[in-house]
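Work out the full structure, taking the sequences as your base and the hints as a guide.
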Amino acid sequence: MKLLDRGWPVVVLLAAWQAWIVIARVPPIVAPAPARVAVEVAANPQLYVAAASATIGVALAGLLLGMTLGIALAIAIWATPFAAGALTFPALLAQSTPLVALLPVIARLLGYGEQTVIAAATAITFLPTFVLVGSGLRALPANAAEVFDVLGSSRVARLARLALPSAVPSMLVALRLSAANSILAALTAEYLIGTFGLGRLFADAQTDSLTPRAWAAGLVATVLSVAAYAGARRLAVIGERFTL
Amino acid sequence: MIERRLFLAGSAAALGAATLRPARAAATVTTQLQWIKDVESAAWWIADANGYFRGEGIESNVLAGGPNLGSIPAVVAAGRADVAIAQFEQVIDANAQGEDFVVFGALYQTDPAALLSLPAHPVRTARDILGKRIGLQQGAHVFIDAIMKLNGLPPTYTEVVVGFDPAPLVEGACDAYLCFVTNQPLTLAARHVPCVTAGFGELGYHTYTDILFCTREYLTKNRATLVHFVRALQRGWTENARDPALGARLATTVYGASLGLDLQQQLALNRAQIPLMEGPLTRAHGRMWVDPARVAGPVYTTLRATGRTKLPPVERIVDTTIVRDAGRA
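These protein sequences, in sequence, are chains A and C. If you're matching positions, the first sequence starts at 1 in the working numbering and goes up one per residue. If you're matching positions, the second sequence starts at 1001 in the working numbering and goes up one per residue.
Hints are computed from structural coordinates only; laboratory data are not their basis. Only a predicted model underlies this, so the values are computations on that prediction, with no experimental measurement involved. Every clue listed holds true.
Below 20 Å or equal to it, Euclidean Cα-Cα: the simulated EDC-like pairs (lysine to aspartate or glutamate) are: (1) K1149(C) x D204(A); (2) K1221(C) x E1059(C); (3) K1132(C) x E114(A); (4) K1310(C) x D208(A); (5) K1149(C) x E1202(C); (6) K1221(C) x D1325(C); (7) K1132(C) x E1159(C); (8) K1132(C) x E1202(C); (9) K1132(C) x D1145(C); (10) K1149(C) x D1111(C); (11) K1310(C) x D1100(C); (12) K1149(C) x D208(A).
Shown next as structure tokens:
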């Protein structure tokens, strides 16, 4: 019952999709019916498992690298005001440039291969962490900074015992925001220059005009994104128990 | 609107424009291009600017394509365009999924697709592909796989997914690059980079690149309109072959003005594509001719090598009567 409470929009969406195909007599090459997409996935399970695994791998690697990079840069800015000027602008520039335009530059630096696909996923997931952790490091509990002042704490102790712990909730929010996005980032990068994963499957399906396969790849990616978001939220709930 | 057309037709006749038919309501034909609005569609621009369409009672409407347009057959199936340019393979695939499209013309008689390489590591034959890194646009590996199969070779090459810029080849990120002989080799030549090209036909992959198609229903109901439309395009291509600068100028300054195209590049492209559009068959039967024997023979052999096994009888998918009748002015 709980599943139905949460899942009814999906049911409505699927019903509307089916109705649109039937009523508007949409040709299968324009848009396939949901049943046809389901049959496509069911008939080629190994294809979708292999593609989805590759995409999950890229997304996880991108998420991990993106968050590590975001936290590292946020700490650098916390530590020296000089870094703030040097890093904030390039970070924003990287984020406001479309991935399509960024990819040839990344490819030229890193080569045309898996590393570039992961780098692209990293570029998309790093900004939320960078911004949120950056503000989290400064959002200290009231009077806590004074206590550290009075005790004459070192910068390192301040970071390890005050700033980083108080930034944990921000990290969890960043994880929630980036987790679902990381699948999209992996998909986009694979579509543009990958030789594996759901993005590639989608591109190949387009070349061969296999509309049900193209839609199925998109649908599997959507399910992965939702699962990633739900998983990250679960992690956040667990993580919040350990924060102040 | 009708008054305006009558006025235009009248004034054109007064100016002595040839081949004007008795004024009648123009039939609008919407074309979905495969590529952007550049000189590759010169006939559309010339036929519009020189009044060939108007003379045939056609109002031409053109939709731009490009690398981000998902599926051209889907655009026609959805009724957004009357006719479209696509790869022959796309029409075969669409019909295999229940569509009923008819191919009634072909822009290129010789396939402009080719493998581009540098003289240090040249790719001249399919055998040269073995063990090399081939730069391909996303999804294009199917063509190389088919070339290997057609030549009885194993598909042992490394795929490098690249874009439409040949820079990866020059930088050494790949040994060969899938190009159009009308495009990237000319860009490299302009930069004095010597290069080697091997056409898809020479490598054993035979297809019709840039075919014109529509639904069977549209062809049946609008046969006369299509004949007029094709006749105007044929005149456009003939004029384009006579004066390659006109189409390049129209593409850069009028029809594709917002794209920031380079006139010299467009002119070079046009000069390179004109010979690919002509051959003994176009001289015998008219421009944009599709040869059923070539489809039944080498093209179908190629398509089987790509794994397409359910191929329709050629007369089900190719109609030669539109181009034939367009030539009987």
